[in-house]
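Engineer: Next come the chains, spelled out residue by residue.
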Amino acid sequence: MNTKVFLTEDEMPRQWYNLAADLPSPLQPPLGPDGKPVSPDMLAPVFPMSLIEQEVSQERWIKIPEGILEILFRWRPTPLHRAYALEKALGTPAKIYYKNESVSPAGSHKPNTAVAQAWYNKEFGIKRLATETGAGQWGSALAFACSLLGLECKVFMVRISFEQKPYRKIMMQTWGAQCVASPSTETNAGREVLKKYPDTPGSLGIAISEAVEAAVTDQTGKTRYSLGSVLNHVLLHQTIIGLEAKKQLEKFGEKKVDIVIGCAGGGSNFAGISFPFVNDKIHGAKIEIIPVEPTSCPTMTKAPFVYDHGDIAKMTPLLPMHSLGHSFVPEPIHAGGLRYHGMAPLVSQAIVEGLLTPMAIPQNECFKAALLFAKTEGIIVAPETSHAVAATMRKANQAKEEGKEKVILFNLSGHGLMDLNGYDSYLQGKLVDHELSGEDLEKSLKEIKDHPKPVAAKTGKW
Amino acid sequence: MLGHQVSFKYCRLYNMEIPCRKILDCWHETIPVGEFLHEFYSDEELKAIFNPPPDRYSMLMDLIEKSKKFLPK
Numbered sequence: 008m009n010t011k012v013f014l015t016e017d018e019m020p021r022q023w024y025n026l027a028a029d030l031p032s033p034l035q036p037p038l039g040p041d042g043k044p045v046s047p048d049m050l051a052p053v054f055p056m057s058l059i060e061q062e063v064s065q066e067r068w069i070k071i072p073e074g075i076l077e078i079l080f081r082w083r084p085t086p087l088h089r090a091y092a093l094e095k096a097l098g099t100p101a102k103i104y105y106k107n108e109s110v111s112p113a114g115s116h117k118p119n120t121a122v123a124q125a126w127y128n129k130e131f132g133i134k135r136l137a138t139e140t141g142a143g144q145w146g147s148a149l150a151f152a153c154s155l156l157g158l159e160c161k162v163f164m165v166r167i168s169f170e171q172k173p174y175r176k177i178m179m180q181t182w183g184a185q186c187v188a189s190p191s192t193e194t195n196a197g198r199e200v201l202k203k204y205p206d207t208p209g210s211l212g213i214a215i216s217e218a219v220e221a222a223v224t225d226q227t228g229k230t231r232y233s234l235g236s237v238l239n240h241v242l243l244h245q246t247i248i249g250l251e252a253k254k255q256l257e258k259f260g261e262k263k264v265d266i267v268i269g270c271a272g273g274g275s276n277f278a279g280i281s282f283p284f285v286n287d288k289i290h291g292a293k294i295e296i297i298p299v300e301p302t303s304c305p306t307m308t309k310a311p312f313v314y315d316h317g318d319i320a321k322m323t324p325l326l327p328m329h330s331l332g333h334s335f336v337p338e339p340i341h342a343g344g345l346r347y348h349g350m351a352p353l354v355s356q357a358i359v360e361g362l363l364t365p366m367a368i369p370q371n372e373c374f375k376a377a378l379l380f381a382k383t384e385g386i387i388v389a390p391e392t393s394h395a396v397a398a399t400m401r402k403a404n405q406a407k408e409e410g411k412e413k414v415i416l417f418n419l420s421g422h423g424l425m426d427l428n429g430y431d432s433y434l435q436g437k438l439v440d441h442e443l444s445g446e447d448l449e450k451s452l453k454e455i456k457d458h459p460k461p462v463a464a465k466t467g468k469w
Numbered sequence: 138m139l140g141h142q143v144s145f146k147y148c149r150l151y152n153m154e155i156p157c158r159k160i161l162d163c164w165h166e167t168i169p170v171g172e173f174l175h176e177f178y179s180d181e182e183l184k185a186i187f188n189p190p191p192d193r194y195s196m197l198m199d200l201i202e203k204s205k206k207f208l209p210k
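Residue numbers (my numbering), protein chains in the order written: chain A, 8 to 469; chain B, 138 to 210.
Here chain A stands alone, though its shape is the one from the complex (with noise of 0.2 Å):
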C-alpha cells in the first residue's frame, strides 16, 4: 500500500501545457489602453521576447529548457500523496489524493514559473529582476530562483505587509534579494506617493508601479520585471504539477480522476493542477473541475460584484478625502492569499465556457478542515490551500453519503509555517463567518445595477 508515489527525475514532464491551444472559445489578443492590440515589442521593456513569444503562443505544448528542468530537479518531481488517514477520519469511500508542492525551498508551488522567468531573462542577457510581493510568498520564490541563477532580485513589498510579516523579508535576503517596503523612495511613483501620504500602508497596486519604474528606467537596459501570476506564460509553467499528478495517479494505478480541486486567487497553481486535466475534458473526459475561492472575497461564484474579473493594480484618479465616518473601526478581517483582485483571463473563460465548477467556502470551515488535515496527515497547510482542503472534504463527505468511491485530486500549495496568525485567530474563536442573505444579495446588486459589465463569450458546450 504505497502512501505516495515519486517521479524519477527522467519521468519528470519535458514540456509545458498551454490551454490557450484547446480552448473551444480563444482568448482574445491581449489590448492595451487604446484598445489596440499589444504587439510584443511594446512589452519590451519588461519582459524578455521569450516570455512575451509564450504569452501569446497558441501551441499546445511548449518543451522545458534543460536549464530550467535542471534547476527544477533540485525538489522536482514533487510527491504525490493518497489521505489514507484523512480518507478513514472521514470514514469515506472515496480516495483523496493530494500534490505536494509545499516541500520547494521556498515552501509553494511559486518557484515553478519563478525558476522559468529567472532562467529566460538570464538566456536574454538579463542582469536583475524587479517584482512586487504583498504576503511575500511570490518575492519569496523569486527571491529563491535569482539566488540560484545569479541575478539581481528587487522586491518591493507592500508597507503594511514588510512590517508584519518580517520572516518572509528575512527570507528574501537570505537568498540574497533587496527587499523594500513599498512605496519607497527609490522611484518616483514610490517618492510621489510618500509626499502625499507619509503614513501610507502601501497597496500592490503601487508596488508594481514601483517594480515597473525600476525595470523601465533602468539605462543598462539590464533589468526587467516579473509578475507571479495571472499572465499565461506564469500558469503554463505551473502545468508541471499536473502533468506530473497524471503519471503518479496512473502509478497509483488509477485510470481516471474525478474530482480535480485547487483554491484560486490569481489563479496559476489552481491552473498548475487543473489545466491537463481540462484539456481532457474538453476532448470527452467526465472530470469535475473546481477553483475554490473563500465567500468572504468571492469572484467567481455568487458574488453580487462578478463585474469585477479584473486587476486592482490600476490607479483611478484621485477624489476629494471624506473624514466623515473616518472614526469607523470595525474588527480587522484576515486578508489570506485568496483576496486577490484578479483572475487569470484563462481561468476566467475556463469558468465562463462552463469548464470549471467554482465553489466559496466560509473561513472557519477552511480552517477547521486544515486542522483535521494537520492532525491526519500531519502538513499545516497555507491558509490558501485550506480552501481546496475543505472543498476536498466536503466532496468526500458527498461521496460518502452516496457510498461513491471516488477519485479525488488536490493541489497542496504551499505549507503555512509563515502564515499562522490565520490559525492563532482561528484556534482564539476570533474568525467570525457572515453568511449574505437573499435581501442583502438584492440590495447589493441594486447598488452595482448601473456599473459596467464584463462581455463574456462561451460556446454553450459545457
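In case anyone wonders, no lab produced these hints; they're calculated from the structure. For every residue, glycine included, the Cβ atom is placed at its ideal position computed from N, Cα and C. What you were told as hints is all true, and nothing was included just to trick you.
Examples of chain A residues lying across from chain B (beta carbon under 8 Å, computed):
#	residue
1	Met49
2	Ile167
3	Asn195
4	Ser210
5	Val219
6	Val237
Far from chain B by the CB rule (all over 10 Å, computed), these chain A residues:
#	residue
7	Ile71
8	Pro205
9	Lys253
10	Glu372
11	Lys468
Position chain B against the provided structure of chain A, taking the given hints into account.
Structural biologist: Same frame as chain A, but now just chain B:
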C-alpha cells in the same frame, strides 16, 4: 493577498485614499459596508471607485508609458 489581518481603514483608503474596489466583497460579511459607502461617497465617486480596471496588459502598458517619462532625455 497579504496573509495577515487588515483593518477597515486599510481597505477604505487603499487606492490613494479612496476605497479599494473590492471593499464590498471583502467586508459585506462583517459590516453594512454598502450603506457606509453610500453615506460618504457620491454616486459619481462610487462609479469611479467601482469602475472596472483595465486588464493586466493595459495596466502594464500604462505603467511602462508612465515610467518612460522618468528616463533622462
